[in-house]
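Starting from the given sequences, assemble the full structure and let the hints guide the process.
From first to last, the protein sequence lines are chains A and B.
Anchor point for the first sequence: position 26 equals 26 in the working numbering, and the numbering is continuous, going up by one each time.
Anchor point for the second sequence: position 97 equals 97 in the working numbering, and the numbering is continuous, going up by one each time.
One-sided and incomplete, this derived list gives chain A residues near chain B with beta-carbon spacing under 7 angstroms: (1) K121; (2) A122; (3) R124; (4) V126; (5) M128; (6) S129; (7) Q132; (8) H136; (9) I137; (10) I217; (11) A218; (12) G219; (13) Y220.
Calculated directly from the structure, the hints in this document are not laboratory data.
We put the beta carbon where it would ideally sit given N, CA and C, even for glycine.
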Amino acid sequence: MMDSLSVLLQAVPYLLKGALITIEAVAGAMGLGLIVGIQMAVGQVYGNLFIRRLICLYVWFFRGVPVLVLLFLFYFGLFSLLGLNLSAFGSVILVLGMTTAAYQSQIFRGAIESLPHGQLKAARAVGMSDVQAVIHIILPQALRLSIPGWSNEYAIILKDSALAFVLGTPEIMARTHFVASRTYQHLVLYLFAGVLYFLLTWWGVKALRKLETRVRIAGYAHSGGTR
Amino acid sequence: MIVPPPDVIRVENICKSFSGKNILTSVSLGLTQGELKVLIGPSGGGKSTLLQCINFLIPPDRGTVWLEGREIQIHHKRDIYEFRQQVGMIFQEFNLFDHLNALDNVAIALRKVKKLKKQAAIERAMAELDRVGLREHASLYPAQLSGGQKQRVSIARALAMDPKVMLLDEPTSALDPELIGEVLFVIRDLARNGMTMLLATHQVGFIQQMADEILFMEGGCIIERGKPADLLLPASRTRTRAYIDKLSELYEELK
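As C-alpha cells, this is what we get:
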C-alpha cells in the first residue's frame, strides 16, 4: 500500500502535465469543431442541394467510423499520403476536431431549425442580407440553445481524447500507462487517471452551465434543469 | 386632363403558386403617397402571401414591383436588400428578435444595415420607441413585453428605417382584444402623418374610418375594390359588404 501511494505521489506532477496536454488537445479540438461545425450547420440549413449533400456525406463519414480507426487512418495513412508532416499532437487535434465538428454541426443545426421562421423573415424585412441575418439574428439565438448539447459533446470528446495515447501523445492516458507499466501499480494509477478525467468533465460542464445561465435571455421560460 | 399622382409603390401581375396550387393569380395594385389601402377577405385568400411577395420575402413566380417608378430587379440581391430597407413590414406574430431588448430590436438594423454609429443608432431607436409610447420599456426583452407592446416595438423597428411604404399583415390579429386599441392608435397616427400603407386587417371600425380603398381578396384575386363608402353602403350587395356584415355579427355575438 505504501508502495503504491509513494509511486503515485512521485508520478503526480508528471501526470498533471499530461492533464495539461489533454486540456490543450480537447480545447483545440472543440474550438476547431465549433468553427467548422457552425459553418456546416448554416450550410446544411441554408445551403443549396450540393452543399447540403456534401455536408451530409461528411457527417455520415465521421459519425460512422470509430475515432480509433480515424486516428490511425489519418495519422499513418492519409497524412503521409498527402505529404503532410503533422505531429501526433496536431493529428489528434485535427482528427478529434473534425469528428466533433460532425456532431456539433448537428447540435447547431437542430438549434437553428428550432428557431421560429419569423426571425429570419423579420431580419430580411429590415433589409439585412442573408449573411447578416444569420450572423446577427440566427446564430446568437441558436448558439444559446446549443450550450447544453455542446457541453455534452465536450464530455464525450474529453474522454475520446484518451485514444490519443495510441499515437504516443503524452496526455493523461499515455503517461499513466507509461508509469504503470514500469511500476506495476495499475490500480492506484488508473484510479487517479479516472479521477482526473472526472474532474475535467465536471469543471467543464459546470463552467458551461454557468455560461448558459449568464447568457440566458431575460424573461425566457426555458430555464430549469439541474444546477 | 388630370394626371394621376405617381404611385409610391406599384405591383403588377403578381402570381404565386405552391406545389401546383395557385395562391395568387395576377394581382395588381398601387398606392400613392399617404394612401391607406386595406386588404380584407377570408383566410387562405392570399392576403399574407401577397404582402410577403411584395417585398420578396416570398419570391413571386411572376410579377413586377416598382418603388417610386423604379422597377425592382428580383434577381439582383443587392437591389432587393435596398428595396426592403424602404418597405416597412409588420407581421401578425410580431417577429421581434428574441435575443435583443426593445431598444436593440430597433437599433440593430440601423447599425448593421444603415451603418449608423452606435450612439446615433441608439438615439434614433429611442426616438422611435418614444413615438410608439415605449420609451420606458427600452431595456425590456420581447418575452417581458405584452403582445401590444411587442407589436408597437415592431412598428418602431420598421419606422426607424424611414420606410416609404409600410406593409402590415394583420397586425392586431394575434392580440388580446384589450390590446388591439393601442396598436390601432399607433397605426392611425401614422396614417394621419401621411404614411403610405397597405394593411391586411379585419378591424371593421378602423376600415370604415381610415381606409382610402378596400381590396377584397378571395381565391388569390382581388375580386372587389372601392372606397369604403361605396363598398359598404348598407344597400350595396357587394361581397365585401356581406363579409363585413358577418364580421360585425360575430363581433356583436361576442359582446
